[in-house]
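Protein chains in written order, with this note's numbering: chain A, 1 to 348; chain B, 1001 to 1078.
No wet-lab data here; the hints were simulated from the structure.
Keep in mind it's a predicted model, so treat the numbers as computed, not measured.
We put the CB at the ideal spot given by N, CA and C, even for glycine.
Not one of these hints is a red herring.
In silico SDA-like pairs for lysine to any residue, Cα to Cα no more than 25 Å straight-line:
#1 A/Lys226 x A/Glu299
#2 A/Lys130 x B/Leu1024
#3 A/Lys199 x A/Arg189
#4 A/Lys159 x A/Glu169
#5 B/Lys1064 x A/Leu298
#6 A/Lys306 x B/Thr1067
#7 A/Lys306 x B/Lys1064
#8 A/Lys129 x A/Asn63
#9 B/Lys1064 x A/Pro216
#10 B/Lys1064 x A/Pro219
#11 A/Lys226 x B/Gly1010
#12 A/Lys222 x B/Ile1070
#13 B/Lys1078 x B/Ala1045
#14 A/Lys214 x A/Glu120
#15 B/Lys1078 x A/Glu299
#16 A/Lys222 x B/Leu1060
#17 A/Lys69 x A/Val50
#18 A/Lys226 x A/Tyr257
#19 A/Lys222 x B/Thr1068
#20 B/Lys1064 x A/Glu300
#21 A/Lys222 x A/Glu297
#22 B/Lys1064 x A/Leu224
#23 A/Lys240 x A/Trp281
#24 B/Lys1064 x A/Ile310
#25 A/Lys214 x B/Thr1025
Each pair of labels, with its calculated beta carbon distance range:
#26 A/Lys130 x B/Gln1073: 18 to 28 Å
#27 B/Ile1070 x A/Ser179: 37 to 47 Å
#28 B/Thr1067 x A/Ser260: 23 to 33 Å
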Amino acid sequence: MTYRIVHYINQFYAGIGGEEMADHRPELREGFVGPGMQIEKLFNGEGRVVGTVICGDGYYGENTEEARKACLEMIKGLKPDILFAGPAFNAGRYGFACGDIAAAAGEELGIPTVSGMYPENPGVELYSKKTYIAITSDSARGMAKALPAMTNIGIKLLKGEKMGPARLEGYIHRGIRKSFFHEKSGAERAVEMLLAKLKGSEFRTEYEMPVFNKIPPAPPVKDLSKATIALISSGGIVPKGNPDHIRVSSAESYGAYDISELRNMTPENYESIHGGYDREWANVDPDVVLPLDVMRELEEEGVFGKIHPIFYTTTGTGTAVANAERFGREIGEELKKAGVDAAILTST
Amino acid sequence: MTREIERVAGIPVVQIATIVPIMLTVGTNRIVPGVAIPHPTGNPALGPEGDRAVRRELLLRSFKAMTTDITEQTIFEK
Chain A
1 MTYRIVHYIN QFYAGIGGEE MADHRPELRE GFVGPGMQIE KLFNGEGRVV
51 GTVICGDGYY GENTEEARKA CLEMIKGLKP DILFAGPAFN AGRYGFACGD
101 IAAAAGEELG IPTVSGMYPE NPGVELYSKK TYIAITSDSA RGMAKALPAM
151 TNIGIKLLKG EKMGPARLEG YIHRGIRKSF FHEKSGAERA VEMLLAKLKG
201 SEFRTEYEMP VFNKIPPAPP VKDLSKATIA LISSGGIVPK GNPDHIRVSS
251 AESYGAYDIS ELRNMTPENY ESIHGGYDRE WANVDPDVVL PLDVMRELEE
301 EGVFGKIHPI FYTTTGTGTA VANAERFGRE IGEELKKAGV DAAILTST
Chain B
1001 MTREIERVAG IPVVQIATIV PIMLTVGTNR IVPGVAIPHP TGNPALGPEG
1051 DRAVRRELLL RSFKAMTTDI TEQTIFEK
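Model the full assembly from the supplied sequences, consistent with the hints where possible.
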């Protein structure tokens, strides 16, 4: 039989446009568009991409319920045997959309769904338990490997073939444990692991502890009228000309700028260099990303103490989690030394 | 970034951004949902005055967030 494949992609891979078209509404096209051609080829005559559902990443992120509903209707109408979404690599909003539509289609239509993402994509933590996510590289340079990885998993699912462990099949583990009889008892295996650990040789746990990257909330500000508040952004707002050459994406640095004399962000003094959203509005008035103008008003009205003189900024798109955490630690140290009481961090 | 600043400095960090599930995933404790991805703290479609009013309301809500005692991740809705 020929499997009916539906493919979900964003505005970029559909060739509609980049960030300026990120609000593109859900659209259905017949057959394959963009990377779907290769998926069909990899099915080697056993499957056909019957339709491609396209949605802008911004639209999906901002109107998730409407977008999901519209895309699901389109997918349903195509009577698919399987849905592929992406690959999204390390694009956060695209990963979120791919994971969300794959999870929804799997649940509503009862069909197998497969996406592809870089392990650090936020879509992974949100959706890896609800859809198969093939592990890809962090950018579209890895397309040639990502599509076979996704397709192989999809074909296995369609044919009902036995799915091996995540680390062997190349997908992100779904938190599912299968029971089987082992020739050695648990006690023996545990002692073997312990001995291996003591020797410093490699061993693999049979039960991975989840990584909780959550912390208890800091205590609240007691007296707002005396509080010094720092402004921080990952929205790529920098002094005009980007003097410290902060990267437009995958940032490896952040900037610290004195705003003590600044009342208002204007196109003359500040700009956005962020490579992950449409900068049209931010470049007309950077206050729509970093709200300095109204902060100054509220400061003068005495609603809070004062704005911390230093403003910290970077671009949060494709930025490695390890880097973002390092920026956070370094900025945190400085705020602590300066006796800052609270911070407002804006992200795009 | 938000979580690490809060952890190291020991101060409340309010994050204003649009995709709430991502803030929940990365461990933001005090969440104020923003207006839109390209303009989280304003709404240019409302004209200069409306835009500032939106910003003012979001900031007042952020102040409420930073002065509220919480025990878990909390979304501060309008």
